[in-house]
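Engineer: Residue numbers (my numbering), protein chains in the order written: chain V, 1 to 293; chain U, 1001 to 1293; chain A, 2001 to 2293; chain B, 3001 to 3293.
Hints listed in this document are in silico derivations from the structure and should not be mistaken for laboratory results. Nothing false has been slipped in among the hints.
Capping the alpha-carbon separation at 25 Å, the derived lysine-lysine pairs in DSS-like fashion look like this:
id: 1; chain 1: U; residue 1: K1103; chain 2: A; residue 2: K2240
id: 2; chain 1: V; residue 1: K35; chain 2: V; residue 2: K45
id: 3; chain 1: V; residue 1: K35; chain 2: V; residue 2: K2
id: 4; chain 1: U; residue 1: K1035; chain 2: U; residue 2: K1045
id: 5; chain 1: U; residue 1: K1240; chain 2: U; residue 2: K1226
id: 6; chain 1: B; residue 1: K3103; chain 2: V; residue 2: K240
id: 7; chain 1: V; residue 1: K45; chain 2: V; residue 2: K2
id: 8; chain 1: U; residue 1: K1230; chain 2: U; residue 2: K1240
id: 9; chain 1: A; residue 1: K2002; chain 2: A; residue 2: K2045
id: 10; chain 1: B; residue 1: K3240; chain 2: V; residue 2: K103
id: 11; chain 1: U; residue 1: K1240; chain 2: U; residue 2: K1103
id: 12; chain 1: B; residue 1: K3045; chain 2: B; residue 2: K3002
id: 13; chain 1: A; residue 1: K2240; chain 2: U; residue 2: K1240
id: 14; chain 1: U; residue 1: K1240; chain 2: A; residue 2: K2103
id: 15; chain 1: V; residue 1: K226; chain 2: V; residue 2: K240
id: 16; chain 1: A; residue 1: K2103; chain 2: A; residue 2: K2240
id: 17; chain 1: A; residue 1: K2045; chain 2: A; residue 2: K2035
id: 18; chain 1: B; residue 1: K3240; chain 2: V; residue 2: K240
There are 4 protein chains.
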Amino acid sequence: MKVAFIGLGRMGQAMATRLVQAGHELMVYNRTAAKLAPLTALGAKPTGSVAEAARLADVVITMVTDDAALRTVSEGSGGLIETLPRGGIHIAMGTHRVPYIQKLAQAHAAAGQVLLSAPVLGRPEAVTAGRLGVLVAGDASAVERCRPLLQALGRRVFEAGRDPRAAAAMKLANNMLLGCAIAAMGEAFALVQKCGADPGSFYDVLTDGLFAAPAYSIYGRIIADKSWDKAGFTVALGLKDIELALDAGHGAAVPLPSAAVARDRLIGALAHGNEERDWAVMALESARASGLA
Amino acid sequence: MKVAFIGLGRMGQAMATRLVQAGHELMVYNRTAAKLAPLTALGAKPTGSVAEAARLADVVITMVTDDAALRTVSEGSGGLIETLPRGGIHIAMGTHRVPYIQKLAQAHAAAGQVLLSAPVLGRPEAVTAGRLGVLVAGDASAVERCRPLLQALGRRVFEAGRDPRAAAAMKLANNMLLGCAIAAMGEAFALVQKCGADPGSFYDVLTDGLFAAPAYSIYGRIIADKSWDKAGFTVALGLKDIELALDAGHGAAVPLPSAAVARDRLIGALAHGNEERDWAVMALESARASGLA
Amino acid sequence: MKVAFIGLGRMGQAMATRLVQAGHELMVYNRTAAKLAPLTALGAKPTGSVAEAARLADVVITMVTDDAALRTVSEGSGGLIETLPRGGIHIAMGTHRVPYIQKLAQAHAAAGQVLLSAPVLGRPEAVTAGRLGVLVAGDASAVERCRPLLQALGRRVFEAGRDPRAAAAMKLANNMLLGCAIAAMGEAFALVQKCGADPGSFYDVLTDGLFAAPAYSIYGRIIADKSWDKAGFTVALGLKDIELALDAGHGAAVPLPSAAVARDRLIGALAHGNEERDWAVMALESARASGLA
Amino acid sequence: MKVAFIGLGRMGQAMATRLVQAGHELMVYNRTAAKLAPLTALGAKPTGSVAEAARLADVVITMVTDDAALRTVSEGSGGLIETLPRGGIHIAMGTHRVPYIQKLAQAHAAAGQVLLSAPVLGRPEAVTAGRLGVLVAGDASAVERCRPLLQALGRRVFEAGRDPRAAAAMKLANNMLLGCAIAAMGEAFALVQKCGADPGSFYDVLTDGLFAAPAYSIYGRIIADKSWDKAGFTVALGLKDIELALDAGHGAAVPLPSAAVARDRLIGALAHGNEERDWAVMALESARASGLA
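Just chain V, same shape as in the assembly (with noise of 0.2 Å):
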């Protein structure tokens, strides 16, 4: 099977070298082609052009930055609809918009190709110590035929049906719910501490019970100690993610009241300059509501 893998960003980069090393035979692109030595270097061979990357393929695999850049490679002369083979597949695997996700995949099926989804969790240390999780979804034979790749590239493969925008989908849906925890948690840490209470010690009651998880242990720990200076992710990253969750749900007519929440903690965030802090600062935005801050 012929594999072409186009955006070598950091992500793209270490997702590309790990299928070289699981002896996948891989072809590079990259708008900057300053990014494909290493791969080259590990046995890639690189390609000037979508177009070149696609003629051959028989999967191609994209890790582009967003909507903007996948409809570049996708659509448009020399584009992945024009240039990839009949029967050929295409897999998505950066973070779309759903309704992008769903015209796509119809312009793939009219062009007799196919769309999957395949949106990954986790960033690209977690790619190289093998501990990536891959959503995907799409025409199931598809799906079997790539089963191999998504495999190698992580830990662990979850499927979540025939519909291209359902991998998508969970994927800003898992985000979201992280932006609605942080929400809620600053709420809750704003409360106990005006009722008295040592946010240290309400740290220790969550995550030693319930709440016993990354999502709370990560961020609480944040909000106790107030260390949201040093970011692991932005306010201006984390309002994209709620964005495109909102923009999901107003594609699917579903109301997210949560998300909202989130939402306007982390613009409140943009207001008093935090855009680049960690968005666990929501729970400023909450003290500061609250008289604390």
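Following the hints, complete the assembly by docking chains U, A and B onto the known chain V.
Structural biologist: What follows is chains U, A and B alone, placed relative to chain V:
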């Protein structure tokens, strides 16, 4: 140290039993005298009134249903404020309104007594298994004196601070966070399902990663399976807890928009006759608002 | 028709005066007897207890502060339920909790009496000027009998229906809508100001067009001028009304997310020491959350 | 002063007609040339391209559907930025995104031109009847020069300030307030109805008093009568406006929780197939959540 235990409902029964088994000398009182028998059989001394229990006690533990019951036990003729000796300690272990705890603490202080607030995390089975969590807040030396009692009751004692409101608030904030997590999950499951995803697969994603904790594994399971008919914790009880948290927020001047979202979902559940179902049925309200139900 | 009037605070004083001036034969009672004098001077007959007023009355009007006061007047020994003759009518004209009105209506019915709920819209000056609005709900023939009284009290009588809760709910819903309008205006003024607009000009736009009504002209003016120091209606009173509406929503199983937004802004105002300012100071909370304050 | 008018949809047609009738010398352009005829018949001069209209103009008025249309007219080869003479004024009178207005203002400034933002309040019938409201923001001397044009268009000109974003934001904030008022009315009507009240009577209370303004009399009527089948303004359009307001809030860092409530109700209306009904159908979503529908 002479200890009196007032309130032998299911939780109180299990807690008092544990104290007797740990070797503490215990006087017991319950409004309905029939409930005294099991403890008397274990060696506890039955008493016929709050006053009889309190007059000889160094420490009185109350484990009663609500504020009204705590008021009856504490205030008025023959109540704890009148009958507990100066220097005596009252440990209130039920779930109570923060403003009432504050008022009661002042009344005890005026009578030369000390109120500790010490609500618990866990059900009767957790008590018996030694897995109860105990929060405590109030005067430092009183906490020190009572530590052996609190440790005998469970697995871990969390110290919330010197203000008795602190422990009460932490209990309410913990339950509030749970309600917020369930409400947000309800939105997330509706979103992924309307995008064609399999809810069981989404459950796997959540509990495999960021949200691998009981709050999500227990309630996510119920939502994915729509198994809210069998209630672990009912809408009626959940709404009571959320209202207590909102009331604490009002008293402490802390806006709680995430809790307000959970409140509205629970009220929607009331409107559809689901008062006695598990409070995870909040998810059905999100589904309904999305045209899924 | 013999009428007793109980509760001579500022509103009650003005209302009772109007009834006497309209030629109604009136017995009056007030907990603080000193307040009887002005009405006695106009020809009303003073009484020394609720029972004395009620025993000879066909109709008893109560205009008391809150549910606790209404309970004191109505329940227990010497209260209206005990002393009002069978067939007698109790018109409750204060602002009360919907569930309490329901409970009281049942108690009166069990005693062969009728409760009408008849809250009013307007302040004491409106009463004197004949501009009071009167809502009324309850048994049709009782409403018919009392119509001359209600008409004497104000400008217009609005009939809410047969269920006594209906009038109480309409009063709360009216005040709730006002709180929601002010909260939304607070957001709108923050938005236009952060985009460089002159708030006075935005005020002109609103009140010239879609929103040319007192709710917007009075409170929009205060927001545009930041003149909330002089309170027409305080945060404390506004929050009490919003909580009554939310409580009615809980009782009737109606989610009220817009009211919850107003509640949170009012609680934020509490947190910043603005309890006694005009409730238009909600706008300052929107400004604060936007980095304007 | 030579004036070009671009965009002859229903609103543009009515506005251009009014300018010609007021004696202004007008060049007109529309993408679909057929729409030029009525204005040519009145004496306006037809043109075949944006560039042809702009090259000879002192002032160009655009009245186009959305940002995409405004971008097409303004940017790129033959667009206003390229073809309008230095010192020329572009008055954008459509409803546009605040960030795009800001970007466009900067582009015009860089080309030595001036952008005024001047959205309008009212429908085509209001234009014809001379009742249009016009908001305007931008450079003071440009506003002064264009005042006769703006005054000819309607009843009243509201000056929002020097920042072109200001007028765009005021337009969006005005519509947002309307959506918030309708959402809150939906809650209020559900509340009173579940307490047994007659909705027509509640309508009378509102519109007789604090809320005697079109926002409440028009939309309250629709809600009381459930007459949303005949749409004055659809859910689809209302949701577009609320999203524009939320987008402006994001751009200006202003949290808008009341608008988020309206958004969720409108999305719920989408979910139930009511996209083309009047946006007062938000009230049906409140009714549904309350178990009424």
